[in-house]
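Please model the complete structure; the sequences and the hints are all you need to start from.
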Amino acid sequence: MKVRLEKDQIQVLLDEYFEVEFSFRNTEDLSLALAQLKSDEQAFVLDWVRRIASTHIEIAYRFTSQASRALHVMDESMIEAWVLQAMDVYDRIGLHAALKVISGIDRFVRQGRERASGALFEEQVGVLMPFVQGLSGRKLKLQQGDDLFTDTETIYLPSVMAHLPDKRDNFLLYKVAVAYHWAQVRFGTFHQSLLHYLTHHKTPDLALGTFHALETERLNACLGRELPGLYREMSVLTDKLTGRSVPDGWLEQVAELRKQDASVMDCIKMTESILGQPLPATTCFQGQLNPALAFEVMQQRIEREKIALRVALKAVADELKDKSKLEREEPGRFQIRSKDATSQLEDMSIELLINGKSIPMPDDVRGTLTSIMQDLGDVPPEYLVPAGPGEYDFETGQGRLLNPEDVWGGAYHEEGAFFYNEWDYRRKHYRKKWCVMREMSVKPVHDGFAERVTVKYRRLLSHLRKTFEAMRDEDRLLKRQVYGDGVDIDAFVETWADVHTGLEMSERLFTRMHREERNIAVMFMVDMSGSTQGWVNEAEREALVLLAESLEALGDQYAIYGFTGMTRKRCEVFPVKQFDQPYDEAVKARISGIQAGDYTRMGAAIRHLSFRLNGVEARTKLLITLSDGKPDDYQDDYRSEYGIEDTRQSLFEARRSGIHPFCITIDEAGHDYLPHMYGGANYTVISEVEKLPLKVSDIYKKITT
Amino acid sequence: MQARILKPEAYFIENEPYYQPVGDEISVFEAAYRNQLPVLLKGPTGCGKTRFTEHMAWRLKRPLITVSCHDDLTASDLVGRFLVKGGETIWVDGPLAAAVRVGGICYLDEVVEARKDTTVVIHPLADDRRVLPMEKVGELLEATPDFCLAISFNPGYQSVLKDLKQSTRQRFVALEFDYPEPALEQKIIENEASVDAEMAARLVKFAHMTRNLKGSGLDEGASTRLLVHAAKLITSGVDPVVACRSSIAQALTDDVDMLVAVNELSASLF
Numbered sequence: 002m003k004v005r006l007e008k009d010q011i012q013v014l015l016d017e018y019f020e021v022e023f024s025f026r027n028t029e030d031l032s033l034a035l036a037q038l039k040s041d042e043q044a045f046v047l048d049w050v051r052r053i054a055s056t057h058i059e060i061a062y063r064f065t066s067q068a069s070r071a072l073h074v075m076d077e078s079m080i081e082a083w084v085l086q087a088m089d090v091y092d093r094i095g096l097h098a099a100l101k102v103i104s105g106i107d108r109f110v111r112q113g114r115e116r117a118s119g120a121l122f123e124e125q126v127g128v129l130m131p132f133v134q135g136l137s138g139r140k141l142k143l144q145q146g147d148d149l150f151t152d153t154e155t156i157y158l159p160s161v162m163a164h165l166p167d168k169r170d171n172f173l174l175y176k177v178a179v180a181y182h183w184a185q186v187r188f189g190t191f192h193q194s195l196l197h198y199l200t201h202h203k204t205p206d207l208a209l210g211t212f213h214a215l216e217t218e219r220l221n222a223c224l225g226r227e228l229p230g231l232y233r234e235m236s237v238l239t240d241k242l243t244g245r246s247v248p249d250g251w252l253e254q255v256a257e258l259r260k261q262d263a264s265v266m267d268c269i270k271m272t273e274s275i276l277g278q279p280l281p282a283t284t285c286f287q288g289q290l291n292p293a294l295a296f297e298v299m300q301q302r303i304e305r306e307k308i309a310l311r312v313a314l315k316a317v318a319d320e321l322k323d324k325s326k327l328e329r330e331e332p333g334r335f336q337i338r339s340k341d342a343t344s345q346l347e348d349m350s351i352e353l354l355i356n357g358k359s360i361p362m363p364d365d366v367r368g369t370l371t372s373i374m375q376d377l378g379d380v381p382p383e384y385l386v387p388a389g390p391g392e393y394d395f396e397t398g399q400g401r402l403l404n405p406e407d408v409w410g411g412a413y414h415e416e417g418a419f420f421y422n423e424w425d426y427r428r429k430h431y432r433k434k435w436c437v438m439r440e441m442s443v444k445p446v447h448d449g450f451a452e453r454v455t456v457k458y459r460r461l462l463s464h465l466r467k468t469f470e471a472m473r474d475e476d477r478l479l480k481r482q483v484y485g486d487g488v489d490i491d492a493f494v495e496t497w498a499d500v501h502t503g504l505e506m507s508e509r510l511f512t513r514m515h516r517e518e519r520n521i522a523v524m525f526m527v528d529m530s531g532s533t534q535g536w537v538n539e540a541e542r543e544a545l546v547l548l549a550e551s552l553e554a555l556g557d558q559y560a561i562y563g564f565t566g567m568t569r570k571r572c573e574v575f576p577v578k579q580f581d582q583p584y585d586e587a588v589k590a591r592i593s594g595i596q597a598g599d600y601t602r603m604g605a606a607i608r609h610l611s612f613r614l615n616g617v618e619a620r621t622k623l624l625i626t627l628s629d630g631k632p633d634d635y636q637d638d639y640r641s642e643y644g645i646e647d648t649r650q651s652l653f654e655a656r657r658s659g660i661h662p663f664c665i666t667i668d669e670a671g672h673d674y675l676p677h678m679y680g681g682a683n684y685t686v687i688s689e690v691e692k693l694p695l696k697v698s699d700i701y702k703k704i705t706t
Numbered sequence: 053m054q055a056r057i058l059k060p061e062a063y064f065i066e067n068e069p070y071y072q073p074v075g076d077e078i079s080v081f082e083a084a085y086r087n088q089l090p091v092l093l094k095g096p097t098g099c100g101k102t103r104f105t106e107h108m109a110w111r112l113k114r115p116l117i118t119v120s121c122h123d124d125l126t127a128s129d130l131v132g133r134f135l136v137k138g139g140e141t142i143w144v145d146g147p148l149a150a151a152v153r154v155g156g157i158c159y160l161d162e163v164v165e166a167r168k169d170t171t172v173v174i175h176p177l178a179d180d181r182r183v184l185p186m187e188k189v190g191e192l193l194e195a196t197p198d199f200c201l202a203i204s205f206n207p208g209y210q211s212v213l214k215d216l217k218q219s220t221r222q223r224f225v226a227l228e229f230d231y232p233e234p235a236l237e238q239k240i241i242e243n244e245a246s247v248d249a250e251m252a253a254r255l256v257k258f259a260h261m262t263r264n265l266k267g268s269g270l271d272e273g274a275s276t277r278l279l280v281h282a283a284k285l286i287t288s289g290v291d292p293v294v295a296c297r298s299s300i301a302q303a304l305t306d307d308v309d310m311l312v313a314v315n316e317l318s319a320s321l322f
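If you're matching them up, the sequences are chains A and B in order.
The numbering used here numbers the first residue of the first sequence as 2 and each following residue consecutively.
The numbering used here numbers the first residue of the second sequence as 53 and each following residue consecutively.
Keep in mind that a hint or two might mislead.
Said to hold, decoys possible - Capping the alpha-carbon separation at 27 Å, the derived lysine-lysine pairs in DSSO-like fashion look like this: (1) A:Lys322 / B:Lys94; (2) A:Lys142 / A:Lys168; (3) A:Lys480 / B:Lys168; (4) B:Lys257 / A:Lys260; (5) A:Lys457 / A:Lys692; (6) B:Lys94 / A:Lys358; (7) B:Lys168 / A:Lys140; (8) B:Lys266 / A:Lys142; (9) A:Lys480 / B:Lys137; (10) B:Lys239 / A:Lys480; (11) B:Lys257 / A:Lys142; (12) A:Lys315 / B:Lys266; (13) A:Lys358 / B:Lys188; (14) A:Lys322 / B:Lys217; (15) A:Lys307 / B:Lys266; (16) B:Lys239 / B:Lys217; (17) A:Lys140 / B:Lys266.
To be verified - So these bits of chain B aren't anywhere near chain A, every CB distance computed over 12 Å: (18) Ile57; (19) Lys59; (20) Tyr70; (21) Gly155; (22) Asp169; (23) Leu192; (24) Ala195.
In short, the hints are calculated from the structure, not lab data.
Think of the CB as a built atom: it goes at the ideal place given N, C-alpha and C, for glycine as much as any other residue.
Dropping the structure here:
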């Protein structure tokens with residue numbers, strides 16, 4: 002049982018947290034209020050005050066003044082969520098927005114209730130995405146948006162569905178909404194004539210509303226045929242929501258649209274005839290129709306896919322040409338044909354023909370063809386002409402990527418960057434998407450550095466090669482096995498003697514070849530901070546050359562990345578050798594081109610390289626850091642405990658994902674902080690820099706055998 | 053009822069295994085067999101490669117010896133080895149040698165899974181020499197005209213390390229298998245599991261949904277075999293959604309979100 006604190010004791014603590022000496026805040030009333038609380042409530046609030054104050058004193062101050070009320074309306078876990086949201090908002094937007102979260106306690110409680118029973122987009126998207134991709138036709142994307150609609154490529158969904166009290170029902174609402182909008186794309190709601198009809202209409206809004214109601218009837222009927230299970234769920238949900246109120250005579254009116262052969266044209270025709278009549282109430286999963294946007298996206302896509310198809314067909318044609326070279330036969334024209342004459346085009350089973358002969362269709366061609374047929378209803382013949390040499394530049398279809406090198410030259414952008422959380426030990430929580438990580442390229446230096454190193458260390462190198470070759474996986478003959486390919490004569494002779502002297506016969510009489518596989522992927526993470534300038538850098542580069550030469554003999558997968566940066570907005574890693582690259586001249590030149598940079602924000606680098614390392618398949622994954630000192634960065638106190646704790650946390654994350662981290666450092670003070678970060682046995686301190694090249698390969702051998 | 057005990061080389065298939073030809077694979081196989089050419093069956097899992105081999109064994113009235121290859125399968129597992137019995141070593145034929153001796157069909161299922169030395173053992177059998185060298189006993193076993201070698205592999209999912217070598221694949225007559233056309237697949241399911249046409253059509257549609265997901269979360273879509281399993285459960289009175297969940301969704305993936313998504317797809321269909 003904790004002791005309940007008196008007002009004066011609390012005031013002392015608060016004065017310290019709020020730095021009253023400098024900020025001159027009045028803690029008198031706050032302490033009095035907190036003194037009324039129960040002892041464990043006091044401890045809870047004070048703990049959080051301390052943690053928040055490490056981020057910003059003003060937020061902590063406002064939190065303290067709200068604390069009694071918060072305890073009244075929320076439980077502790079919800080208060081935590083509330084406070085963390087405020088701090089995230091502070092990290093992302095700033096103080097003003099964060100204070101708004103703190104003062105908007107009632108709004109948070111209400112949202113909390115909604116979120117408790119509602120379905121959240123971010124939680125459900127993992128399910129909804131494969132769901133919509135599994136449905137036939139063009140593969141649609143899902144995205145969070147303010148309204149519910151589709152632009153024929155992406156379905157935009159609201160962040161929360163909370164129309165119904167039950168969580169499962171709210172999820173179903175999402176599902177039905179996704180399926181309904183998929184149906185719009187799949188069954189051709191966005192037909193050219195719709196745009197034509199609407200732009201020439203006197204009252205386009207009225208026409209759109211009426212059309213939407215009618216089209217919903219048609220799509221519902223399509224869904225009923227295509228996905229009867231979903232249709233049932235949809236009806237149940239509609240009943241639960243409001244019950245469907247239909248104007249008199251509506252059902253008879255739209256009976257025509259519910260037939261299988263009804264098309265969007267029938268809908269448009271009927272829209273005109275019933276314009277102005279009362280419509281049935283809309284349900285929440287119907288969303289909005291946004292034809293203007295849809296047609297814009299469609300127009301762009303049609304252009305893009307024409308290019309993509311023709312380029313893909315060119316690849317197919319080239320492949321055929323290669324094969325028919327001997328026969329001196331030019332590949333002819335492409336055609337497509339619906340595969341099954343009896344099935345309608347709806348099934349989209351199509352066949353690619355060349356000279357009347359069917360050929361296997363690559364997946365990308367099939368996807369593009371399906372998408373084109375969905376837009377145009379058919380594939381026009383000019384689409385089936387393979388692209389000429391150099392006719393299309395693919396970039397026209399994709400938009401140029403911004404160059405990461407330009408980030409600091411002109412307008413700052415975060416496109417193509419990776420975002421990583423960072424651990425704030427004082428807050429005992431992550432700062433979300435705090436670090437902006439980019440992969441930059443190393444400028445290769447062709448100065449024969451690698452050759453010089455191999456000459457300088459030739460004796461060591463031949464020794465290393467020998468030892469590493471001995472570590473390679475090889476077949477080993479296992480003797481005295483219970484089963485195997487051959488008879489172990491030694492064992493057999495012994496057993497023969499045993500049997501004759503009346504002893505029990507051993508059953509281990511066979512030999513078997515056993516293959517010992519080394520299945521290791523290793524990532525070398527090289528410190529490129531400013532402090533490595535000079536001979537440390539030189540030693541690191543020499544070590545890398547020797548290591549690469551040894552690893553080539555061994556055959557382990559390996560990658561080398563340098564890392565440096567300045568502030569959280571500029572964390573950079575430099576791929577020197579990626580896993581799938583061979584050790585060639587380019588890699589050697591890049592090793593030579595490793596230069597000292599700025600600071601070492603290790604946490605972000607470890608997180609990013611763990612991500613890269615987890616992208617390869619291997620039984621054992623190693624992340625080896627070559628470093629010369631503590632983690633350090635400009636700002637954020639990264640040099641102090643903050644950096645060490647963040648690095649430690651990032652290593653925990655790496656271990657959780659199955660990576661073994663190891664650190665080789667030349668910092669003699671390494672013993673002070675490395676055990677805390679890497680664990681007692683997972684680091685080595687090399688006291689003399691010049692020994693680094695000699696030792697690294699040795700250490701590698703030790704930790705992998 | 054007692055399970056029958058058979059020597060592998062005496063395993064004749066007596067009843068016609070149901071097989072629905074997709075193209076001209078039966079006539080090609082027969083022609084290859086008559087010309088003593090080995091056959092390579094390519095295709096995704098569960099599309100009917102093994103069933104086709106059984107059907108051909110029945111058609112040609114030869115015993116069928118199937119070896120499911122795994123990454124510890126060595127050459128001597130196929131050819132044979134010495135065993136010690138009562139103080140003497142005796143030679144025991146492996147399945148491949150047994151098939152050559154009796155003139156059966158030897159079917160090496162998923163041959164790329166086996167160790168590399170095994171694929172080399174079949175080389176002399178797979179070209180015009182048609183002999184099986186048995187190094188350990190110092191003999192050559194010459195195949196009779198009845199013997200046939202068939203291997204299968206799935207070009208889809210194996211890693212680059214497990215590709216079939218050119219020197220191996222260029223010895224075979226290759227037959228490509230894929231999932232059958234919807235109409236045909238529906239017929240197969242109706243036949244195998246005696247479900248009505250409506251249900252079979254829905255199952256096929258469901259299979260196509262999962263095949264759409266290949267590459268975006270699933271490694272493979274639902275195979276015809278899985279559809280037959282689901283259909284059989286449905287025939288025995290299991291609710292279609294439950295049948296799809298237990299026989300298809302759970303077989304395809306362990307990923308929780310993916311499982312839910314696949315289940316939602318089946319719940320939408322039935």
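Subject >> Violated constraints from the hint list, given by number and in increasing order >> reply: 7, 10, 13, 16, 22
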